[in-house]
Amino acid sequence: MSAAEIVESARSKSARSSGDSALGTSLPVRGWAFRFFWSEVRLIAGRRRNQAGLAVLALVPVVIAIAVKMSAPSPGRGPDFLSSITSNGLFVALAALGVEITMFLPLAVAMLCGDSIAGEANQGTLRYLLTVPVTRTRLLLVKYASLVFGAFLGVAIVAVTGAIVGVAVFGTGPMTTLSGTQLGFWAALGRLGLVMLYITACLAALAAVGLFVSTLTEQPMAATITVMIFVILSWVLQGIEQLSWLHPWLIVHEWMSFGDLLRDPISLDGAGGGLGIALAYALVFVSAAWARLASKDITS
Amino acid sequence: MSEHPDVTSMATRRKWLVPAAAVGMVAAVSLVGGRLAIADNDLAPRTAAELLADLQRSRLDQLSGTVVQTAELGLPSIAGLTGAGGAGGPSGAASLSSIASGSHTWKVWFGGEQRQRLALIGTLGESDIIRNGSDIWLWSSKDQTANHFVLPDHAAGGMPSRPTALPSTLPNGLPSGLPTQVPTTPEEAAALALAAIDPTTRAEVGPAVVVAGRTAYELVLTPKDATTLVAQVRVAVDGERHLPLRVQVYSTTATAPAIEVGFTAIDFAAPEARQFEFTPPPGTTVTEGMSSALGDRQAPSTPGIDPSKAAVAKTASAPRVVGRGWSTVIVATMPTPSMEPMLALLPQVTGAWGSGRLFEGTLFSVLLTDDGRVVAGAVAPEALYAALSAAAAPAASQPSPAPSAPSAG
Numbered sequence: 001m002s003a004a005e006i007v008e009s010a011r012s013k014s015a016r017s018s019g020d021s022a023l024g025t026s027l028p029v030r031g032w033a034f035r036f037f038w039s040e041v042r043l044i045a046g047r048r049r050n051q052a053g054l055a056v057l058a059l060v061p062v063v064i065a066i067a068v069k070m071s072a073p074s075p076g077r078g079p080d081f082l083s084s085i086t087s088n089g090l091f092v093a094l095a096a097l098g099v100e101i102t103m104f105l106p107l108a109v110a111m112l113c114g115d116s117i118a119g120e121a122n123q124g125t126l127r128y129l130l131t132v133p134v135t136r137t138r139l140l141l142v143k144y145a146s147l148v149f150g151a152f153l154g155v156a157i158v159a160v161t162g163a164i165v166g167v168a169v170f171g172t173g174p175m176t177t178l179s180g181t182q183l184g185f186w187a188a189l190g191r192l193g194l195v196m197l198y199i200t201a202c203l204a205a206l207a208a209v210g211l212f213v214s215t216l217t218e219q220p221m222a223a224t225i226t227v228m229i230f231v232i233l234s235w236v237l238q239g240i241e242q243l244s245w246l247h248p249w250l251i252v253h254e255w256m257s258f259g260d261l262l263r264d265p266i267s268l269d270g271a272g273g274g275l276g277i278a279l280a281y282a283l284v285f286v287s288a289a290w291a292r293l294a295s296k297d298i299t300s
Numbered sequence: 301m302s303e304h305p306d307v308t309s310m311a312t313r314r315k316w317l318v319p320a321a322a323v324g325m326v327a328a329v330s331l332v333g334g335r336l337a338i339a340d341n342d343l344a345p346r347t348a349a350e351l352l353a354d355l356q357r358s359r360l361d362q363l364s365g366t367v368v369q370t371a372e373l374g375l376p377s378i379a380g381l382t383g384a385g386g387a388g389g390p391s392g393a394a395s396l397s398s399i400a401s402g403s404h405t406w407k408v409w410f411g412g413e414q415r416q417r418l419a420l421i422g423t424l425g426e427s428d429i430i431r432n433g434s435d436i437w438l439w440s441s442k443d444q445t446a447n448h449f450v451l452p453d454h455a456a457g458g459m460p461s462r463p464t465a466l467p468s469t470l471p472n473g474l475p476s477g478l479p480t481q482v483p484t485t486p487e488e489a490a491a492l493a494l495a496a497i498d499p500t501t502r503a504e505v506g507p508a509v510v511v512a513g514r515t516a517y518e519l520v521l522t523p524k525d526a527t528t529l530v531a532q533v534r535v536a537v538d539g540e541r542h543l544p545l546r547v548q549v550y551s552t553t554a555t556a557p558a559i560e561v562g563f564t565a566i567d568f569a570a571p572e573a574r575q576f577e578f579t580p581p582p583g584t585t586v587t588e589g590m591s592s593a594l595g596d597r598q599a600p601s602t603p604g605i606d607p608s609k610a611a612v613a614k615t616a617s618a619p620r621v622v623g624r625g626w627s628t629v630i631v632a633t634m635p636t637p638s639m640e641p642m643l644a645l646l647p648q649v650t651g652a653w654g655s656g657r658l659f660e661g662t663l664f665s666v667l668l669t670d671d672g673r674v675v676a677g678a679v680a681p682e683a684l685y686a687a688l689s690a691a692a693a694p695a696a697s698q699p700s701p702a703p704s705a706p707s708a709g
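If you read the protein sequences in the order shown, they are chains D and W.
So the first sequence is numbered by our numbering: it starts at 1 and just counts up by one.
So the second sequence is numbered by our numbering: it starts at 301 and just counts up by one.
These are calculated hints, taken from the structure and not from any lab test.
Among the clues, some could well be false.
[Claimed, not checked] SDA-like mimics (lysine to any residue), calculated; alpha carbons at most 20 Å apart, straight line:
1. D:Lys69 - D:Val99
2. D:Lys69 - W:Gly583
3. D:Lys296 - W:Gly583
4. W:Lys315 - D:Ala294
5. W:Lys315 - D:Lys69
Based on the provided sequences and hints, a complete structural model is requested.
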């Protein structure tokens with residue numbers, strides 16, 4: 001934890017509390033909640049380690065684009081979508097998302113989750129947050145909203161970098177769907193947007209798990225590692241065929257189903273189920289985090 | 301706080317009821333939700349014969365839907381044979397040669413006799429079979445290959461009037477004595493079919509079921525023969541349109557169906573015309589004419605199968621059939637054991653009949669003896685050994701190619 005970060009965090013906290021106390025509780029809840037949310041987002045985006053993390057996330061599509069430019073892969077080899085890149089640059093974004101959704105993006109979310117509650121408790125700022133007139137429920141909801149936004153930020157960095165680099169290097173030829181039909185550039189861009197939203201929804205479910213874990217400990221690192229173990233364990237279980245009865249309950253079960261959005265017509269067999277899983281995880285773990293935070297003695 | 305510890309802990313505990321309720325809700329929705337559609341019992345009662353007649357009379361004009369196919373045959377997971385996805389890293393493979401085991405999802409579009417499309421859905425891939433008139437296209441997104449061939453004119457109308465994905469998995473040995481008379485009405489055909497299977501099979505109509513959100517009759521075929529591994533075959537027939545919606549084959553060794561093919565979603569509206577149009581996208585390797593697109597990709601990596609040997613195998617002596625009905629066992633001869641690397645994965649068994657390798661599945665067993673005989677049937681291994689002994693007696697004049705010392709076991 002660098003000194004600069006503590007200062008930054010303290011500054012944002014003091015700005016938050018002074019602003020709120022000045023305006024009192026008469027401020028409309030909506031405006032208040034938005035400003036709280038916005039200050040959380042600024043906190044997330046302002047952290048040096050988060051910026052470094054985003055840079056690493058953005059590096060993957062760049063590496064993919066360079067590698068494919070140097071030697072075009074033959075179809076059927078390497079990561080999915082790799083061989084399609086040469087015909088449409090947007091596939092750089094899709095290939096990068098496909099590579100990063102297994103580990104990199106969950107790791108980014110796990111880092112944010114560690115900072116979310118456990119980090120504040122660790123720095124001793126959580127109780128200051130609670131001295132401003134804010135219920136713990138609202139605090140939790142704002143924290144969760146900012147985590148979801150952080151997840152979207154990670155996905156967007158990968159997708160936008162991939163799209164820009166890909167289009168610059170490979171151009172905007174028609175996109176071939178998995179069904180073998182062709183889409184124009186704008187339709188393809190729309191599909192990429194849907195994929196981004198879907199992956200964000202998947203990561204939002206993970207953020208709910210992370211939020212809960214974050215209320216259990218005051219060690220941000222412990223929370224981050226726990227969330228990562230949860231993800232890795234889910235992938236391992238997903239890979240064991242004998243446990244196929246368990247697979248529909250795993251958080252990662254339909255993560256790769258974003259491919260459903262690249263068919264013609266769009267199919268929701270997998271992706272629809274994936275949204276259901278994400279909703280179920282979010283419901284259960286956000287409410288568990290609420291029960292935990294609401295009943296917890298906050299001493300630091 | 302310390303003055304009211306009980307109150308605090310009560311309130312604390314009550315808070316945890318919320319996530320508990322959330323768990324309960326999720327469990328209820330996912331476990332019950334699918335089954336909540338209670339079969340509506342307004343279906344007019346039907347006998348098995350009436351149901352079979354309905355099945356034959358049903359006309360299918362168009363539909364689109366999703367078919368899920370699950371096979372738990374107990375096949376050994378040999379890489380390259382079953383095409384199982386790797387651990388952890390989800391494999392996007394959706395190749396037409398990997399459908400022998402596991403669960404697979406198909407999308408089906410049926411636009412009349414001339415236009416059909418089947419798509420095998422993989423995680424990040426898709427394989428399509430598209431028929432439009434006399435054109436047939438096979439498309440694989442993973443390999444970016446397309447295979448095109450044109451049906452000869454006389455065959456152009458000869459496709460079955462039902463989507464090819466519809467269950468056709470009734471075991472081969474089922475109607476052991478097919479009627480020789482040509483039935484003139486569906487009722488007559490149904491009666492003949494039932495009469496033919498009657499010695500071996502009990503056919504009845506079970507309680508109504510819900511398949512793909514539609515109420516359906518269920519035709520239940522139960523073998524009377526106790527030695528077969530097939531416990532039951534259940535065919536769900538749509539209550540309104542009399543189409544088969546689902547076929548399940550149950551094994552005596554497992555509670556879940558060994559084979560299940562059925563719709564999970566079905567829509568009888570006409571599919572859009574563009575579903576049947578296919579133009580190979582740029583960058584696709586297009587092969588014209590009938591080629592080996594359906595399985596050649598993996599064949600070279602499968603060890604030990606030599607096409608020339610396979611050809612020789614066809615010239616081997618004709619298979620013998622032992623037993624009747626469901627417990628029919630086929631005894632055939634292979635000239636050379638050509639699949640040794642794969643066979644080594646199967647357990648070794650010995651008996652009075654010799655020794656060999658045994659595959660014991662949920663629905664059938666296969667025995668490959670060391671002297672090159674293949675014995676197979678929808679029965680337990682013991683029945684295979686018995687059939688082998690029965691077949692050996694009359695065939696004694698034909699010496700086996702490599703007589704190994706019979707080990708008494």
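Quick rundown of the hints versus the structure:
1. The suggested pairing of D:Lys69 with D:Val99 holds, with an alpha-carbon distance near 18 Å, which does not exceed 20 Å.
2. Among the hinted pairs, D:Lys69 with W:Gly583 is consistent with the structure: their alpha-carbon atoms are about 16 Å apart, no more than 20 Å.
3. For the suggested pair D:Lys296 and W:Gly583, the alpha carbons sit about 60 Å apart, so the restraint of at most 20 Å is broken.
4. For the hint pairing W:Lys315 with D:Ala294, the CA-to-CA distance comes to about 8 Å; that is within 20 Å, so the pair holds.
5. For a cut-off of 20 Å, the pair hint linking W:Lys315 to D:Lys69 is broken: about 56 Å separates their Cα positions.
Against the hints set out earlier in the document, violations occur for numbers 3 and 5.
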